[in-house]
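First to last, the sequence lines map onto chains A and B. Per the working numbering, the first sequence starts with residue 1, numbered consecutively. Per the working numbering, the second sequence starts with residue 1, numbered consecutively.
A few of these clues could be false.
Once the Cα atoms are required to be at most 30 Å apart in a straight line, the calculated DSBU-like pairs of lysine-lysine come out as [as the list claims (entries may be wrong)]:
id : chain 1 : residue 1 : chain 2 : residue 2
1  : A       : Lys159    : B       : Lys115
2  : B       : Lys117    : A       : Lys48
3  : A       : Lys51     : B       : Lys54
Think of the hints as simulated: they come from the structure by calculation, not from any bench.
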Amino acid sequence: MASLKDLKNRIASVKATQKITKAMKMVAAAKLRRAQSAAEAARPYSAKMAKVLGGLARSMDGREGAPELLAGNGRDQVHLLVVATAERGLCGGFNSSIARMARQHARRLMGEGKEVKIYTVGKKGYDALKGEFGSIIVERIDFRGVRQLSFNEAEQVGKRVLEMFADGAFDVCTLFYSEFQSVISQIPTAHQLIPASFPASEEEGEGKMDFVYDYEPGEEEILGELLPRNISVQVFRALLENAASEQGARMSAMDNATRNAGEMIDKLTLSYNRQRQAQITKELIEIISGAEAL
Amino acid sequence: MAEAFPFELVSPEKQLVSGEATEVLIPGTEGYFQVFANHAPLMSTIKPGVVEVKMADGEAARFVIFGGFADVSPAGLTLLAQHAVDVNDLDKADLERRVQEAREDLADAKDDEAKAKAADYLDQLTTLQSAF
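Pulled out of the complex, with its shape left as it was, chain A reads as follows:
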């Protein structure tokens, strides 16, 4: 049985922890608001981009000489997994759920006899994957020093992926990140970057193009320019979604931690009081029985 002093110390330390988690929750909430508005501000661009590219891709469909970024290079042997995670932990299952998804994907591909290469964006993803896949992590980058994510960071990643593709280092590229739904729900998502894939749902009837575009310079030149940029845009979007998800996950994790700490304090206080009372009773009995003996 722990002594009164021990219990007192425990309570003090849990209280201190609770203060920290409470502060972290508040910080996460403030950061979440910023991250969310950044993600929202980026949405029109990527939505437009997807629409335009989707239209172009459909018109190129079935035609000879479609760019490799769009149609793939005809092979399906080497897969590059770009795994985007956070720089810091203490955000619940956020990092591990992305890593788990990437790991399962990698194992499945390996099971099919494919070659897998991994590019980790963010420190935590590297930490989580280096144990099993250390030898196939071909590239890693983290943005620990970056305060506010801008398009430049995404472009760095995008350019590197494009370089590797141009060098023939892989055939198919998939991006892993976490889609922000709400504070309590972030969905780990895999999105295929190369060959480009477009969400099928963007066909809204009226969005269909029933007119013919003039292209300046040419359709293929425009595609050739847009496709590489699309990679960076997708990476950027993923990074922003990730940033919002991370803060959301941290917020709910810290909320839980604060609540748990509260429960623990209650329990400890209860047993502290009980023990104190027991001690007083014991002392009283000792005094009374001492007096009776006289």
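Knowing the structure of chain A, use the given hints to seat chain B on it.
Quick look at chain B alone, frame taken from chain A:
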């Protein structure tokens, strides 16, 4: 009063303009062109330069944009800029940094095609720089 049409200017980081415009001057890769209402559907890439916008309420705005592309459709004009800033907010140092980067890109370019591209870009940037 000229007819207005919906106009949007977006960069990956944010939406800069969304509203009704009456005329927009765009630095297309193959030359400047001006868009009015009911322009024929056109998709064009953009070189670094200045976009001049006249909004429907008579206000004029100028933006410096660094590449991107324009999508003119019956639904309106959308400019997807790689990076865009209001002329008044243009940071000389930022521009210089971009020129510097373009120079490095040119030096790093491996094949002729990339070299030509980088040289073009640098050229456009320096033109832009000298305009201020």
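For each hint, the structure was consulted:
no.: 1; hint: A:Lys159 / B:Lys115; in the structure: holds (16 Å)
no.: 2; hint: B:Lys117 / A:Lys48; in the structure: holds (25 Å)
no.: 3; hint: A:Lys51 / B:Lys54; in the structure: holds (26 Å)
Hint violations for this structure: none, all hints satisfied.
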